[in-house]
Amino acid sequence: MQITAIEKQRRRQRANVYLDGRYAFSLSLELVAQAGLHEGDALSPQQVDSLRQADVRHQAHEAALRLLAYRPRSEAEIRQRLARRGLPPQVVQETIAHLREQGLLSDAAFARFWVEVRDQSSPRGHRLLWQELSAKGIEREIARQAIDAVAEEDAALRAAQKKARHLHGQDYPVFRRRLGDFLLRRGFPYPTVLTTIERLWREGQQGSDRS
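Each residue of the sequence shown is one higher than the one before, starting from 1 at the first, in the working numbering.
It is worth saying that the hints were derived from the structure and are not from the lab.
Values in this document were obtained by computation on a predicted structure and should not be read as measured data.
There could be a bad hint or two in this list.
[Said to hold, decoys possible] In silico lysine to aspartate or glutamate, DMTMM-like type, Cα no more than 25 Å apart, as pairs:
(1) K136 to D148
(2) K162 to E132
(3) K162 to E203
(4) K162 to E198
(5) K162 to E116
(6) K163 to E116
(7) K136 to E116
(8) K136 to E75
(9) K136 to E94
(10) K163 to E153
(11) K163 to E152
(12) K163 to E203
(13) K8 to D41
(14) K8 to E62
Generate coordinates for the entire structure from the input sequences, incorporating the hints supplied.
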């Protein structure tokens, strides 16, 4: 079989390859350059198959890089997203292994990122963090190391302070119920919730007395 034309696709970094006057397959422009393909070159069926397989791997890698450009991901997230694109399991696994070797994919780094972002933007307790990391496919020991960095009492106080301001003027039963429900939904343990409620109620009362 002979390459009779290589035509660049519009709006995409890909090219259509024609063999013996007929469209045969498409490749990324990067692979066309790497393989040194030119019009007039002869290709065996085995070479065509090899090029197609290389292109599938290239597409998987590029798709994973686009996902990682948005935010860090867990291995399970990448695996699920690539599988949804209909990519073969072996290609998906090879892509994950390659990204891991490049230092672009790490469940430990992802777990630290996830916990840090949550702690800064929306503090929550260890229980909820466990649930979230588990849903992302993070192994228990990796999750534990990331979560242990969170001081739960401090996180509960920071989470509750903003909510408590919206409860200013409420009587104690309402204050306790609403703030308690909020903190429990955030995954904080009951003893920590009670301690936080008492502290903020006491501080609120002292502020009212001074005013």
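Self-check item: Unsatisfied constraints (hint numbers, rising)
Solution: Every hint satisfied by this model.
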